[in-house]
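Asks: Based on the sequences and whatever the hints tell you, model everything.
As they're listed, the protein sequences go chains A and B.
Residues in the first sequence are numbered consecutively from 1, following the working numbering.
Residues in the second sequence are numbered consecutively from 1, following the working numbering.
Think of the hints as simulated: they come from the structure by calculation, not from any bench.
Mixed in with the good hints there might be a few duds.
[What the hints assert, rightly or not] List time: in silico DSSO-like cross-link candidates among lysine-lysine, alpha-carbon distance up to 27 Å:
id: 1; chain 1: B; residue 1: K182; chain 2: B; residue 2: K104
id: 2; chain 1: A; residue 1: K226; chain 2: B; residue 2: K127
id: 3; chain 1: B; residue 1: K182; chain 2: A; residue 2: K93
[Claimed, not checked] Chain A is nowhere near these chain B residues, computed Cβ spacing over 12 Å in every case:
id: 4; residue: V52
id: 5; residue: Y57
id: 6; residue: D63
id: 7; residue: P64
id: 8; residue: Y93
id: 9; residue: E148
id: 10; residue: P208
We put the CB at the ideal spot given by N, CA and C, even for glycine.
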Amino acid sequence: MSGRVLRIYAILYLVFLYLPVLLLPVFAFNDGTIIAFPLNGFTTAWFAELVAIPALHEALGNSLIIATVTAMLSTTLGVFAARASTRFQFPGKAGIMGFIMVPLVLPEIIVAVSLLVVLLQLGLSLSIWSVILGHTLICTPFCIAILSSSFSGLDRSLEEAAIDLGETRLSAFRLVILPLVTPGIIAALLISFTISLDEFIIAFFLTGTEPTLPVYIWSQLRFPQKLPVIMALGTLLILLSLILIGSAEMLRRRGLHKSGQKDAGGFL
Amino acid sequence: MARFGLRTEAAQGYVMVSPTLIFTVLLLAVPLIAIVVLSFWTQNFMEFDRSVTLANYREAVSDPIYGTLMGRSLWIAGAVTLVTVVLAFPIAYFVSFHVPQERKALWIFLITIPFWTSYLLRVFLWKVILGFNGVLNSSLQGIGIIEEPLTFLLYNANAVVITLAHAYAPFTILPIYVALEKIDRSLLEAARDLGETAWGTFRRVTLPLAMPGVIAATLIVFIPVIGDYVTPRLVGGPNGLMISNMIQTQFLRLNNAPMGAALAVSAMTIVGSMALLLVYLTRNIGRAPK
Numbered sequence: 001m002s003g004r005v006l007r008i009y010a011i012l013y014l015v016f017l018y019l020p021v022l023l024l025p026v027f028a029f030n031d032g033t034i035i036a037f038p039l040n041g042f043t044t045a046w047f048a049e050l051v052a053i054p055a056l057h058e059a060l061g062n063s064l065i066i067a068t069v070t071a072m073l074s075t076t077l078g079v080f081a082a083r084a085s086t087r088f089q090f091p092g093k094a095g096i097m098g099f100i101m102v103p104l105v106l107p108e109i110i111v112a113v114s115l116l117v118v119l120l121q122l123g124l125s126l127s128i129w130s131v132i133l134g135h136t137l138i139c140t141p142f143c144i145a146i147l148s149s150s151f152s153g154l155d156r157s158l159e160e161a162a163i164d165l166g167e168t169r170l171s172a173f174r175l176v177i178l179p180l181v182t183p184g185i186i187a188a189l190l191i192s193f194t195i196s197l198d199e200f201i202i203a204f205f206l207t208g209t210e211p212t213l214p215v216y217i218w219s220q221l222r223f224p225q226k227l228p229v230i231m232a233l234g235t236l237l238i239l240l241s242l243i244l245i246g247s248a249e250m251l252r253r254r255g256l257h258k259s260g261q262k263d264a265g266g267f268l
Numbered sequence: 001m002a003r004f005g006l007r008t009e010a011a012q013g014y015v016m017v018s019p020t021l022i023f024t025v026l027l028l029a030v031p032l033i034a035i036v037v038l039s040f041w042t043q044n045f046m047e048f049d050r051s052v053t054l055a056n057y058r059e060a061v062s063d064p065i066y067g068t069l070m071g072r073s074l075w076i077a078g079a080v081t082l083v084t085v086v087l088a089f090p091i092a093y094f095v096s097f098h099v100p101q102e103r104k105a106l107w108i109f110l111i112t113i114p115f116w117t118s119y120l121l122r123v124f125l126w127k128v129i130l131g132f133n134g135v136l137n138s139s140l141q142g143i144g145i146i147e148e149p150l151t152f153l154l155y156n157a158n159a160v161v162i163t164l165a166h167a168y169a170p171f172t173i174l175p176i177y178v179a180l181e182k183i184d185r186s187l188l189e190a191a192r193d194l195g196e197t198a199w200g201t202f203r204r205v206t207l208p209l210a211m212p213g214v215i216a217a218t219l220i221v222f223i224p225v226i227g228d229y230v231t232p233r234l235v236g237g238p239n240g241l242m243i244s245n246m247i248q249t250q251f252l253r254l255n256n257a258p259m260g261a262a263l264a265v266s267a268m269t270i271v272g273s274m275a276l277l278l279v280y281l282t283r284n285i286g287r288a289p290k
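Replies: The structure is reproduced here in structure tokens:
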């Protein structure tokens with residue numbers, strides 16, 4: 001009985017969660033410049049218009065570079081930290097790991113302004129690189145969360161067996177551990193790529209003259225006549241996010257399966 | 001020999017964690033120290049006056065606008081936290097206790113997907129929904145429930161609370177779900193066998209054991225919401241602005257970075273001490289009484 005009530009509530013809750021996002025494609029294909037009901041008719045004109053905006057393409061290019069480099073850096077840093085925390089015991093581990101995870105809860109505006117202050121005081125100019133540094137800082141904790149679950153399920157005797165059979169520590173890591181955690185690594189790459197692609201505040205403060213896609217979108221939001229085009233762009237972005245996150249989830253499950261773990265659900 | 005082995009393992013651990021640790025120290029600890037230092041300086045046209053002074057903090061306390069914004073940020077964050085946690089608990093409970101084991105991961109995945117779609121666009125869509133000519137008003141007028149568009153929906157603190165509660169919903173479910181999953185189901189059976197009702201079991205066994213998850217959820221929402229910039233800017237209107245909007249204004253518009261730094265440090269200190277207080281007050285919940 002209570003199970004049925006809870007199920008209805010859960011479904012309503014999911015509808016509430018998805019409703020705003022579902023409006024994006026509705027208005028992206030609506031043949032009208034005002035974002036309101038009733039709908040006018042079907043058009044793909046707004047998508048066609050996306051092709052003819054150079055500023056948008058430039059922003060997209062910047063975002064893709066930033067997201068790619070961020071994904072590689074934060075996953076690499078995540079591998080080190082996740083490996084350290086799951087394989088070794090050392091004094092102060094909880095404190096060190098807690099400190100590395102702080103950007104997960106710290107308001108992004110604090111990260112943004114504090115990095116801005118340091119970069120300007122050092123006399124460095126703002127560029128794609130300043131955004132990459134900021135994004136790597138906030139993506140690393142997510143990578144660690146994903147990778148820790150990949151690393152923690154590993155049977156240590158596999159590695160010891162490899163070393164007994166004549167492998168070095170490094171080659172044992174490369175030949176035994178790495179293949180087992182590869183799904184986790186790819187999942188971490190995809191997640192950090194997605195976070196970086198969507199992130200606005202840090203990019204807004206640190207971008208200089210090379211806007212990212214969210215910074216470009218932000219600049220367009222105050223022009224009502226640009227909104228249908230932004231809706232079309234948003235539809236494509238959300239599709240991209242869904243594909244990336246869906247692949248990450250599939251890989252994460254496959255990774256758990258491979259190393260013989262039970263699925264506890266979710267990334268975090 | 002055993003001690004030597006232990007020491008090497010610790011050393012290996014430190015070596016392994018050092019790249020990430022050094023990166024975080026350079027990009028998090030150093031910048032945070034820098035804004036604390038900056039908050040004690042003052043802006044002198046294009047230069048910083050580096051003599052240490054409490055002037056910024058004095059201004060933050062004496063000028064009522066800062067107190068108003070900080071107070072509003074706190075109550076908005078409190079309201080958002082309350083709404084998200086109360087709405088999220090039944091979902092976490094449902095997935096943990098009523099969904100078959102093999103479908104749990106799918107449910108959690110479905111709940112977290114919206115979190116991964118562009119935050120900026122999600123907030124903007126609420127502006128579209130709640131606006132004067134927005135989706136809600138045009139629909140209600142279309143079916144004849146209202147004559148004139150409702151104006152109390154957008155550009156106020158309520159709109160900020162609704163939008164943020166929606167944005168942070170997936171974030172609250174996960175920690176509560178994890179805490180519920182850890183509960184040993186035989187404890188619940190034992191409570192029932194010893195004569196507790198279903199409600200009594202929930203209140204005296206399940207809920208206390210889920211509290212660590214609820215507290216984690218509270219922190220994971222409350223702290224970032226205080227610093228939210230996009231939502232108050234897009235849907236808040238002049239009476240819905242929060243402290244981070246003022247921090248941004250000081251840094252990028254008024255060119256008064258030290259004042260912005262003082263506001264950022266004040267906000268962090270207030271939120272940090274509230275978080276520590278919460279953790280301290282709730283440290284014994286869910287443990288067996290001594």
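Asks: Next step is simple, just say for each hint if it's right about the structure.
Replies: Results of checking the hints against the structure:
Restraint check for K182 (chain B) and K104 (chain B): satisfied, since their Cα atoms lie roughly 14 Å apart, inside the 27 Å limit. For the proposed pair K226 (chain A) and K127 (chain B), the alpha carbon gap of about 15 Å is at most 27 Å, so the pair holds. Restraint check: the Cα-Cα separation between K182 (chain B) and K93 (chain A) comes to about 23 Å, which is no more than 27 Å; the hinted pair holds. Non-interface call for V52 (chain B) relative to chain A: holds, since the shortest CB-CB distance, roughly 16 Å, exceeds 12 Å.
Against the 12 Å criterion, Y57 (chain B) stays outside the reach of chain A, whose nearest CB is about 17 Å from its own CB. Against chain A, the non-interface label of D63 (chain B) holds: every CB pair exceeds 12 Å, the least being about 20 Å. Every beta carbon of chain A lies more than 12 Å from that of P64 (chain B), the smallest distance being close to 22 Å; the non-interface claim holds. Separation of Y93 (chain B) from chain A is inadequate, the least Cβ-Cβ distance of about 7 Å not exceeding the 12 Å criterion.
The beta carbon of E148 (chain B) is kept farther than 12 Å from every beta carbon of chain A, the shortest such distance being approximately 15 Å. The claim that P208 (chain B) is not at the interface with chain A holds, since no C-beta of that chain comes within 12 Å of its own (minimum 19 Å).
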